[in-house]
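J.: In order, the protein sequence lines correspond to chains H and W. So the first sequence is numbered by my numbering: it starts at 526 and just counts up by one. So the second sequence is numbered by my numbering: it starts at 20 and just counts up by one.
Calculated directly from the structure, the hints in this document are not laboratory data. As the structure is a prediction and not an experimental result, all values here were calculated from the model. Heads up, some of the hints might be wrong.
Now the stretches of chain H that chain W is said to cover, found in silico as 3 or more residues with beta-carbon under 8 Å [as the list claims (entries may be wrong)]:
hint, stretch
1, 615 to 622
2, 729 to 742
3, 781 to 791
Taking lysine-lysine pairs in the DSS-like style, the calculated list, with each CA pair at most 30 Å apart, reads [as the list claims (entries may be wrong)]:
hint, chain 1, residue 1, chain 2, residue 2
4, W, K158, H, K785
5, H, K785, W, K62
6, W, K163, H, K780
A few chain W residues that face chain H, going by a derived Cβ cut-off under 7 Å, partial list only [unchecked claim]:
hint, residue
7, T76
8, A83
9, N87
10, S116
11, A118
12, F120
13, S124
14, W126
15, S168
16, W376
Every residue gets a Cβ at the ideal spot worked out from N, C-alpha and C, and that includes glycine.
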Amino acid sequence: MRRASWFNVTSLTLGFAFLYLPMVLLVIYSFNSSKLVTVWAGFSTQWYGELIRNDAFLDAALVTLKVAVASSTLATILGTMAAYVLVRGGRFAGRTLFSGMIYAPLVMPEVITGLSLLLLFIGLGMDRGVLTIVLAHTTFSMCYVSVVVSSRLVSFDRSLEEAALDLGCSPFDAFRLVTLPIIAPAVISGWLLAFTLSLDDLVIASFTTGPSSTTLPIKIWSAVRLGVSPEINALSTIMIGIVTVGVISASLISKRNAVKAQQDMQAAERGAT
Amino acid sequence: MSQKIFAPWDDPDEKPLIRFENVTKKFGDFTAIDDLTLNIYEKEFFALLGPSGCGKTTMMRMLAGFENPTSGKMELSGKNIAGIPPNKRAVNMMFQSYALFPHLSVWENIAFGLKRGDMGKLDIAARVEEMLKLTRLSKFAGRKPHQISGGQRQRVALARSLAKAPKLLLLDEPLGALDKKLRQDTQFELMDIQEGTGTTFVIVTHDQEEAMTVASRVAVMDEGRIIQVATPDGIYEAPNSVYVADFIGDVNIIEGTAKPAGEGTYRLDWTENEAPFLATSEAPFSDGQNAHLAIRPEKIAITAEKPDDANNAVQGSVLDIAYLGNLSTYYVQLAGGRIIKAQTANTRRLSRRSITWEDKVWVSWSATAGVLLAQ
Numbered sequence: 526m527r528r529a530s531w532f533n534v535t536s537l538t539l540g541f542a543f544l545y546l547p548m549v550l551l552v553i554y555s556f557n558s559s560k561l562v563t564v565w566a567g568f569s570t571q572w573y574g575e576l577i578r579n580d581a582f583l584d585a586a587l588v589t590l591k592v593a594v595a596s597s598t599l600a601t602i603l604g605t606m607a608a609y610v611l612v613r614g615g616r617f618a619g620r621t622l623f624s625g626m627i628y629a630p631l632v633m634p635e636v637i638t639g640l641s642l643l644l645l646f647i648g649l650g651m652d653r654g655v656l657t658i659v660l661a662h663t664t665f666s667m668c669y670v671s672v673v674v675s676s677r678l679v680s681f682d683r684s685l686e687e688a689a690l691d692l693g694c695s696p697f698d699a700f701r702l703v704t705l706p707i708i709a710p711a712v713i714s715g716w717l718l719a720f721t722l723s724l725d726d727l728v729i730a731s732f733t734t735g736p737s738s739t740t741l742p743i744k745i746w747s748a749v750r751l752g753v754s755p756e757i758n759a760l761s762t763i764m765i766g767i768v769t770v771g772v773i774s775a776s777l778i779s780k781r782n783a784v785k786a787q788q789d790m791q792a793a794e795r796g797a798t
Numbered sequence: 020m021s022q023k024i025f026a027p028w029d030d031p032d033e034k035p036l037i038r039f040e041n042v043t044k045k046f047g048d049f050t051a052i053d054d055l056t057l058n059i060y061e062k063e064f065f066a067l068l069g070p071s072g073c074g075k076t077t078m079m080r081m082l083a084g085f086e087n088p089t090s091g092k093m094e095l096s097g098k099n100i101a102g103i104p105p106n107k108r109a110v111n112m113m114f115q116s117y118a119l120f121p122h123l124s125v126w127e128n129i130a131f132g133l134k135r136g137d138m139g140k141l142d143i144a145a146r147v148e149e150m151l152k153l154t155r156l157s158k159f160a161g162r163k164p165h166q167i168s169g170g171q172r173q174r175v176a177l178a179r180s181l182a183k184a185p186k187l188l189l190l191d192e193p194l195g196a197l198d199k200k201l202r203q204d205t206q207f208e209l210m211d212i213q214e215g216t217g218t219t220f221v222i223v224t225h226d227q228e229e230a231m232t233v234a235s236r237v238a239v240m241d242e243g244r245i246i247q248v249a250t251p252d253g254i255y256e257a258p259n260s261v262y263v264a265d266f267i268g269d270v271n272i273i274e275g276t277a278k279p280a281g282e283g284t285y286r287l288d289w290t291e292n293e294a295p296f297l298a299t300s301e302a303p304f305s306d307g308q309n310a311h312l313a314i315r316p317e318k319i320a321i322t323a324e325k326p327d328d329a330n331n332a333v334q335g336s337v338l339d340i341a342y343l344g345n346l347s348t349y350y351v352q353l354a355g356g357r358i359i360k361a362q363t364a365n366t367r368r369l370s371r372r373s374i375t376w377e378d379k380v381w382v383s384w385s386a387t388a389g390v391l392l393a394q
């Protein structure tokens, strides 16, 4: 094995420290027994206990989860439909305009998206609450879903759909029975992306939220303004844990599938006589 | 000879299964199919042959229902099918890429079309088993498409498209992805299955050997038009144009002017220095009309001495020899620089070959060996 040079080791350490040191500190201090965030006073899990007993945080977590599930599901349905039409619809008047417009919200500043949605909801006379946050999150996250799904659809062999039609499927059945199962991984990762975006959105949620519906990021933000508490650290550690487990298991599953597919393919070619 | 020769196209009472009548298909400004009229009969194995971009794939896609003709009439068993979507047609297609559903097993792939109808579960299972047996895939029923070899995938695609017992099966370059040896075996398998099931097959291919092997009739296409429709031997031995003669197999084309010399016989003046060639033709040529003599290399004899009885004989020297194992093609350069290809079967071992490079030789052929073509 080649010996790592000093330069490589240093840059690697610096890079990872830059990325992960803040999080590591946060995780360490979540186990601090002192109420003061910056003073280490021994190991303790008391803040996790406090967290479970804190109804305000639990309510906020529940609202966040509801919003995330609802908005990411809606966004996945709408985003997949949009991607399908843009990739498959052929040439229709204004197609370029449409495909440009679907990506525009990706680069739009969140403050502007939030403000315009707020104005819309006020204009429509809607009470702000869970529903308005769901709608707002759907609006911006469906762009991400449609980007992910359309990149999969571009490489999708169209003759598969034609074969389904040829064998007697209606166009809707062809989509349901052939296209959707095949692009499912892209749809699922689109859903996960939308879910994560909704989970950690602060700006748009705070524009469109009402008094009865506080999401977790809003709750954390307002709590931190009164001072960082060890409870927040504990909460954040749990969130980091969930995300880490999710990401690692997703990549493990996809890697295992890829390896298995490759082995099957090689076995088939060897067995071909 | 008690066996009836299969030739429904010669029977005026026979009703065609498919009728194209003045069909034109345009994509924007581009004309893919140009005023095409064609009949295909039941139980035929019909090949559409042509270079890429000649419109053969468009024809097939119109038959399947993926494209609609811009104008003209398209009939399947006497019914106009223009505008009927693919899922409502008794036509199935085997795709070039096979288009097997990767998320379904071989069994489920074959059952896919059957499940779309109102067939009972037991009937579907029985039909799938029958198709698996027909294509020798019973062992692989539970595998996914990526777990089987290319040749097996091809058979799954065939079984899937045959499962619904369509009136017409379309095959889009069905053997293009297989290697040569496997392709030849599969060609005979295809013919057996076609005969066994009695289904009408329309195959699209750019491989002329494949078309000649499998088809009852071949249509040679170019630029959206059909140049000639005939049986494989008709296409090969009696091409109706220089294009067809040149497209199918190897050929020598000698251009000149025709001069009538007795009934059905013509002299072709092709150069000032040599005697004219003698050729028979059923099509009439007027005196001085421009004509092309198309003659296959294997119909030209190559000898060291001048043959006594040949109608046409001309001297030249061997420029090159292409040795193909079973055959050798001699490129003989005539005095004027023209090259004539002559082919002989290598019935003897190579060491005893009498003609070699730069030898002075005579190439000769009879008056009936070639075809005289106007264009």
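J.: Please go over all the hints and tell whether each is borne out by the structure.
T.: These are the hints, each one checked on the structure:
1. With 0 residues having a Cβ less than 8 Å from any Cβ of chain W, the stretch 615 to 622 of chain H misses the three-residue criterion, and the hint is violated.
2. With 0 residues carrying a beta carbon less than 8 Å from a beta carbon of chain W, the stretch 729 to 742 of chain H misses the three-residue requirement, and the given coverage is violated.
3. With 3 residues having a Cβ less than 8 Å from any Cβ of chain W, the stretch 781 to 791 of chain H passes the three-residue criterion, so the hint holds.
4. Among the hinted pairs, K158/W with K785/H is consistent with the structure: their alpha-carbon atoms are about 21 Å apart, no more than 30 Å.
5. Proximity of K785/H to K62/W is assessed by CA-CA distance (about 44 Å); at most 30 Å being required, the pair is judged violated.
6. Only pairs whose Cα atoms come within 30 Å are accepted, and K163/W paired with K780/H is accepted, the gap being roughly 19 Å.
7. Among the interface hints, the one on T76/W is violated; its C-beta lies about 12 Å from the nearest C-beta in chain H, farther than the 7 Å criterion.
8. Because the beta carbon of A83/W sits about 6 Å from the nearest beta carbon in chain H, less than 7 Å, this interface hint is met.
9. For N87/W, the interface hint is violated, the least distance from its beta-carbon to any beta-carbon of chain H being 14 Å, above 7 Å.
10. Interface restraint check for S116/W: the shortest CB-CB distance to chain H comes to about 5 Å, inside 7 Å, so the restraint holds.
11. Evaluation of the A118/W hint against chain H yields a held restraint, the C-beta minimum of about 4 Å falling below 7 Å.
12. The restraint placing F120/W at the interface with chain H holds, with a minimum CB-CB distance near 6 Å, inside the 7 Å limit.
13. Annotation: S124/W was flagged as interfacial toward chain H, and the flag is violated, the nearest CB pair being 13 Å apart, outside 7 Å.
14. A cut of 7 Å between beta carbons decides the hint on W126/W: the least distance to chain H is about 15 Å, and the hint is violated.
15. Hint status for S168/W: holds, given a least beta-carbon distance of 3 Å to chain H, under 7 Å.
16. Given hint, W376/W at the interface with chain H, is violated; its Cβ is 43 Å from that chain's nearest Cβ, farther than 7 Å.
Hint compliance for this structure: hints 1, 2, 5, 7, 9, 13, 14, 16 are not met, and every other hint is.
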